[in-house]
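J.: Sequence:
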Amino acid sequence: TRSLLGVFEEDAAAISNYINQLFQAMHRIYDAQNELSAATHLTSKLLKEYEKQRFPLGGDDEVMTSTLQQFAKVIDELSSCHAVLSTQLADAMMFPITQFKERDLKVINLINDHKFSLDCLDHDAAITRYSRLSKRRENEKIKAEVTEDVYTSRKKQHQTMMHYFCALNTLQYKKKIAMLEPLLGYMQAQISFFKMGSENLTEQLEEFLTNIGTSVQNVRREMECEVENMQQTIEDLEVASDPLYLPDPDTTKFPVHRNLTRKAGYLNARNKTGLVSSSWERQFYFTQGGNLMSQARGDVAGGLVMDIDNCSVMAVDCEDRRYCFQITSFDGKKSSILQAESKKDYEEWICTINNISKQIYLSENPEEIAARVNQSALEAVTPSPSFQQRHESMRPTVQSRPPAARTSSTGSLGSESAALSALSLDSLVAPDTPIQFDIISPVSEDLPGQAKSSGQSGRRTNPFGESGGSKSETEDSILHQLFIVRFLGSMEVKSDESPDVVYETMRQILAARAIHNIFRMTESHLLVTCDCLKLIDPQTQVTRLRFPLPNVVLYATHQENKRLFGFVLRTSGGRVESRQTSVCYIFESNNEGEKICDSVGLAKQIAFHAELDRKASEKQKEIDRVKEKQQKELNKQKQIEKDLEEQSRLIAASSRSNQSGGEGQFVVLSSSQSEDSDLGEDGKKKRESEA
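If you read the sequence shown in full-length UniProt numbering, its first letter stands for residue 1, the second for the next number, and so on.
Among the hints, erroneous ones may be present.
25 Å max Cα-Cα, derived DMTMM-like pairs, lysine to aspartate or glutamate [claimed, not checked]:
hint, residue 1, residue 2
1, Lys263, Glu368
2, Lys358, Glu594
3, Lys176, Glu238
4, Lys343, Asp331
5, Lys343, Glu594
6, Lys595, Glu560
7, Lys155, Glu9
8, Lys636, Glu646
9, Lys627, Asp613
10, Lys52, Asp91
11, Lys595, Asp438
12, Lys615, Glu594
Pair by pair, the computed Cβ-Cβ distance ranges are [claimed, not checked]:
hint, residue 1, residue 2, range
13, Lys494, Phe608, 35 to 45 Å
14, Gln231, Ser37, 25 to 35 Å
15, Arg258, Gly289, 44 to 54 Å
16, Phe55, Lys155, 49 to 59 Å
17, Lys73, Ser241, 48 to 58 Å
18, Gln605, Gln359, 25 to 35 Å
Because the hints were derived from the structure by calculation, they are not lab data.
Beta carbons are placed, not taken as given, at the ideal position from N, Cα and C, and that holds for glycine.
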């Protein structure tokens, strides 16, 4: 409002400056007939320069500029006239512009310089006295006096502002009249002086002047109608705004809006001036996205006070102030204590900052989602008579995706929840199970059933995929998908056979965070591979937690809130060392819950098929080894048969040599020598042994 008022005041100053120049020009016409030509020339020049003027509210300057340009042309043609009737000029030209200059412009300047400023100072002083009311020393008389002072000063300021605004709006019409009426009177005086006989004053110009006179009357009637409407609006606003003059309105008549994601208004900020002393400063505060901004009076724009994403806000009890609350940043390094003017503003500021801290303002319908979240928080802390009734509105259905891809790696860890609907809460989550809201580093505490191998815990992951001298454990994995997640909490569960376990864990963790005002979440990178799930520190690239993929037996995402997902990890050990335990981990992502679950399902399928391929490969290798052994036995048998045939042939040849005599003996010996040379050393040794 003050910025818009500044534009109107700047426009009024421009009008005053321009009217003063026009007044001086017309006064020269009136004073000196001898300088009439120069004065009319200056007037024509000023009228031509109207289009170069930059009036902030000059919305209808095209019609006004064309009209003044026509006047300037005629006045320039009349610059040769040297005699003007002084009486007609005084009555028809000087009187309207003098009245506008001395009455209207001076009244606006007087209100601006004195009455409006004084009312603003009185209102600020009354507000300051009201803010200093002590909470401990309750004095009804002083409180009544201060409240009445605030009421009177606020009402007086409001009335002065409305009349001041009315005068500024009326000035836009009077500006046109104050410029057009003197020009019309001047032209009529010239017509009368030249007795309608001048060559410059034709019938066409007379018709133009008649039209201008009609336009002036229309503008006057429009101004009177607008003034009447503004007066009626002022009366209506006075009646409607009367309860708002009180600094602390009744909350039954003006209910508190708890689903806001934007808020603006005046707050008192506490500034420490010493170890135990502090001062309070009143400034205008407003929210812009996820930031809290403040703007001092006279500043062009606001400045950043605090980033309120994931911040915490709570009511505090100050020594001598009411309606105080404290905002603490995400990292806890910065905090601010603010005081609201009323209980309604006090509650609305706390609810608005709480909604912004949950980043609800980033959605398409923030107020609707804020109402749903607040309602869900109320329902979450209210016990329900049965499990089925509690999950009727918030439980996501499993029909939207394949059951095997969401429940387990093999799809056989349990049927659909036909039998689960009859279970109680104690069959899903232990009643006294603690909730872990932060990630515990494996260096300080090992998760149950999560053995640390050498070089696994606290190992830095190379973001560029280079392994250096050693080979990474996930280097051979064909699936590498990275997601940004925020850890909400984890707790031990009794069952891991249905997605309802994940939904119930989500409900309990979100309800616990809402009850205890825990808004801080640890951001990590979730790496999905065919071997395991890893939580990696985004800053140091150190593996915070490692979940073996075969131990992830159940995973699901919320149907209404796509950012929430969780999985159940089956581990060995726990409260009782002789049995296996199941822990459910809940995370929040950037609208990628279904994608993460699909990725985990794909990883389990790939791991399953890889295991099948490995078993098939081992079986094939065993078959190949058996075939190779059989082939070796067959080759050995063939060699023995060949040796036996060779022995039979040698025996037959020897018998023939004995029958044929010496020549035949030579032939046999020659053939046997040739055979010995063909057999080689091994054959000779073998034959000698057989002989």
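J.: Please flag the earlier hints that this structure goes against, numbers listed from lowest up.
T.: The structure conflicts with hints 3, 4, 5, 10, 12, 13, 14, 15, 16, although it agrees with all the remaining ones.
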